[in-house]
Amino acid sequence: MKGAQVRGVVVHVHSAQKVFLRALEGSILEAMRNSRRSSFLFSFLLLVPLALACSSDQSGGSSDGITVRIVHQVAGTPLEIDQLIYTNAAANPYSVTKFEYLISDLRLSNGVSGAELDLAQTLYGNAVDQGNSEHSFEFQTPEEFDTLSFFWGVPDARNITGVLPPQYDGMHWPSPFGGGYHAMRFEGSWSNATPGDSSYVLHAGNLRRCSNLMETYEDCLAPAYPIDETGMAEISLPVTTVTTGSGRHWTLVIVVDIQEWMNDPLYDFGQDWADPSLCPPLFANPPCTLGFPTMPGPEPQSMMRLNAGDVFSVTASEG
Amino acid sequence: MKAFLPVILLVAMLAPWVLGGCDSGESGSSTLTPETTPVDLNIPPSTNKPAELADAQTDFRTMPIPVDNLTTEEGVALGRRLFFDPILSSDDSVSCSSCHDPAAAFSDIDATQAEPFSEGVGGALGDFNAPALINLGWTSADPFRLEFPFQSGEHFSLFWDGRADSLETQAREPVANEQEMNLPWDQAEAKVRADSVYPGMFEAAFGDPGVSQDRMVMAIAQFERTLRSYNSRWDQWVRGEIEPTPDEAIGYLAFTSEVGDCFHCHGGNLALFASPGNTFGNNGLDALPPPGLMEVTGEPLHEGKFRVPTLRNIEFTGPYMHDGRFGTLDEVLEHYSAGVATESPNLDSNLRARALQGPLTPTVVQGLKAFLLMLSDPGFLTDPDFQDPFAPAP
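If you read the sequences in order, they're chains L and Y.
For any residue, its number in the numbering used here is found by taking its place in the first sequence, counting from 1, and adding 23.
For any residue, its number in the numbering used here is found by taking its place in the second sequence, counting from 1, and adding 148.
A portion of the hints provided could be inaccurate.
Residues on chain Y that point at chain L, a partial pick, calculated with CB under 7 Å [to be verified]:
1. Q205
2. I213
3. A397
4. L401
5. T404
6. S405
7. F411
8. R473
9. R500
10. P507
11. T509
12. P510
Residues of chain Y clear of chain L, computed beta-carbon distances all greater than 12 Å [unchecked claim]:
13. N196
14. L201
15. W286
16. D362
17. E406
Hints were generated in silico from the structure; no laboratory data involved.
These numbers were taken from a predicted model, which means no experiment stands behind them.
Virtual Cβ for every residue (Gly too), placed ideally from N, Cα, C.
Generate coordinates for the entire structure from the input sequences, incorporating the hints supplied.
The following block contains the structure:
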């Protein structure tokens, strides 16, 4: 891969040194598993700033670097947890009790020069338990960038149990559906005349395999929702030019607008799956709806992936 | 694999330095001395998995062992003796094993649905049902947890409400607890120091005969890390040695899917049957639940959440739940099928959506029960290494 070398480790500004230790262990395990080339050098590069970091609690926000701030909103306003105050495009009143997700291969690039700067291989976000998050990166190589990109979730080809370190086990995607990791767990309550007060659980994962538990289907695509089956949704967002290595500090604010998960295509929690034969016959009470269950279903899986396109936006500013 | 050797060596060399740098100044004295024999507690992944279980979720991860308390044969022997010895109680009547009996997979063998709480010194009763102690070496350490759900850098994991952050920390509590062993630690140290056998065992484990609270809890934690269960029918299936029965197979599918919806809390790692990233949950026992994790964190979103226990050896560890309210697995399944309090605060949304669908079908209940029983490992209960060292040899 062409690109500048990242010098620092990810700095979680709000967390203490233990987090560093875990980040370290995670990164090393990850490096050991994924990069068969320069893991020795890589882990050394990780250990040095780690040890330095231990000596001082102030980290991040340094003069020369990038801070990526992830902010969670619903229809443009800051997320309020566990409040039945939102209404989606399908007119379902809903609350948010869980919103956690993985982002992979966060990187800056330049469409003209071809320069690339890898920022983070895996980021875990949790809007409810951790709130907005901040990740700081330091670097040296002078370069200009105009695009921020990442995958939502872990790209399908690498979404295999064990590629991430153990602290990501909590995001596991069940073995019968092909294993690997969830891209997202988005949950809450919603209410409607029928079926009345209920809960929805939008869980997205790999599309390698679908199953109604009695039969397994090779891939998990819904004909009505044509999507690229080669990878998890890849998000590419233009940013005003970010110049690294110039002694200046940049802040990239990624806004995750939760409401957008249900806009395009329209996602109605109460709507039945189009193909009821895919609903596991072991269920007490079919039909399967777009609100529950979502994991083995081609339709909810495809619709969530298509919806990822307009959820994220980014602004870059100096300072 | 060879290519990674330098990485491993480097990390092993630098880890104590890095950790030392972060520590508040305690000396990181190692339990590995020229006289001690290291114990490897890792369980290698099966090389003969059936296709349907080929996923790495069925593997035991590397056991995360604190660098300042590596496991040794001498430390384990000392910890085992302390665990079974009533010397750590004020009137020499109660040991850890009084409430954590190997014959009940280290849960309280005397606890019943009618009398779920364990008796400490003088018959004092605690507030919780004593949990089984199984595979805790994997579930109690930091690297196995996401930042979830704490930001302070603290990590709660053991106890029903998560107030202890490691096996070492946990073992400090019962000895001094008035409802349990009721012995202040300075007195415990004096009693153990005066014993004829212990100083020699401390010397073997730590290099000198010094007796201290720190060393006692370290040794006990070392013994607890050896309490591993990995020989149930489930493990035999993972190793390709047996085929599941039709009920077990249905139970497995229901367990790992939204049909039964057990895996969101008890899955994640199908060697542990407890999910490292989802350590606490509200499984809807009560519409007005006790505070649970909120007791420790003060966070309203943690109200009613309890530590998700492992399901290994569940056949032998009843009564069930933090208050022992269910006497049988049938009652537990009846709860998940039709008894979930759907208005309970912070009830897991998956479980709520599932419960609002209506009761589980009889096929699924029968399958789940067969699957739970598949996690029984009777050899764990009778393992000679786990038995009372004071008991006369059979």
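To see whether the hints hold, each was checked on the structure:
Satisfaction of the interface hint for Q205/Y is found here, the shortest Cβ-Cβ separation to chain L being roughly 5 Å, below the 7 Å cut-off. This hint is violated: I213/Y has a C-beta 13 Å from the nearest C-beta of chain L, more than the 7 Å allowed. Hint status for A397/Y: violated, given a least beta-carbon distance of 10 Å to chain L, over 7 Å. Because the smallest distance between the Cβ of L401/Y and any Cβ of chain L comes to about 5 Å, under 7 Å, the interface hint for this residue holds.
Because the closest C-beta pair between T404/Y and chain L is about 4 Å apart, less than 7 Å, the hint holds. With a least beta-carbon distance of about 6 Å to chain L, the hint placing S405/Y at the interface is held under the 7 Å criterion. Taken as an interface hint, F411/Y checks out: its beta carbon lies about 6 Å from the nearest beta carbon of chain L, inside 7 Å. Annotation: interface hint on R473/Y violated; nearest CB of chain L at approximately 24 Å, more than 7 Å.
For the restraint placing R500/Y at the interface with chain L, the shortest Cβ-Cβ distance is roughly 4 Å, inside the 7 Å limit, so the hint holds. Because the closest C-beta pair between P507/Y and chain L is about 6 Å apart, less than 7 Å, the hint holds. Given the 7 Å rule on beta carbons, the hint for T509/Y holds: about 5 Å separates it from the nearest Cβ of chain L. Taken as an interface hint, P510/Y does not check out: its beta carbon lies about 10 Å from the nearest beta carbon of chain L, beyond 7 Å.
Listed as outside the interface, N196/Y is consistent with that label: its C-beta sits roughly 16 Å from the nearest C-beta of chain L, beyond the 12 Å cut-off. The non-interface label for L201/Y is inconsistent with chain L: the shortest C-beta to C-beta separation is roughly 7 Å, within 12 Å. Listed as outside the interface, W286/Y is inconsistent with that label: its C-beta sits roughly 9 Å from the nearest C-beta of chain L, within the 12 Å cut-off. Even its closest Cβ contact with chain L, about 20 Å, leaves D362/Y beyond 12 Å, as expected for a residue assigned away from the interface.
Residue placement check: E406/Y does not keep its beta carbon more than 12 Å from all beta carbons of chain L (closest about 4 Å).
Checked against the numbered hints above, the structure breaks hints 2, 3, 8, 12, 14, 15 and 17 and satisfies the rest.
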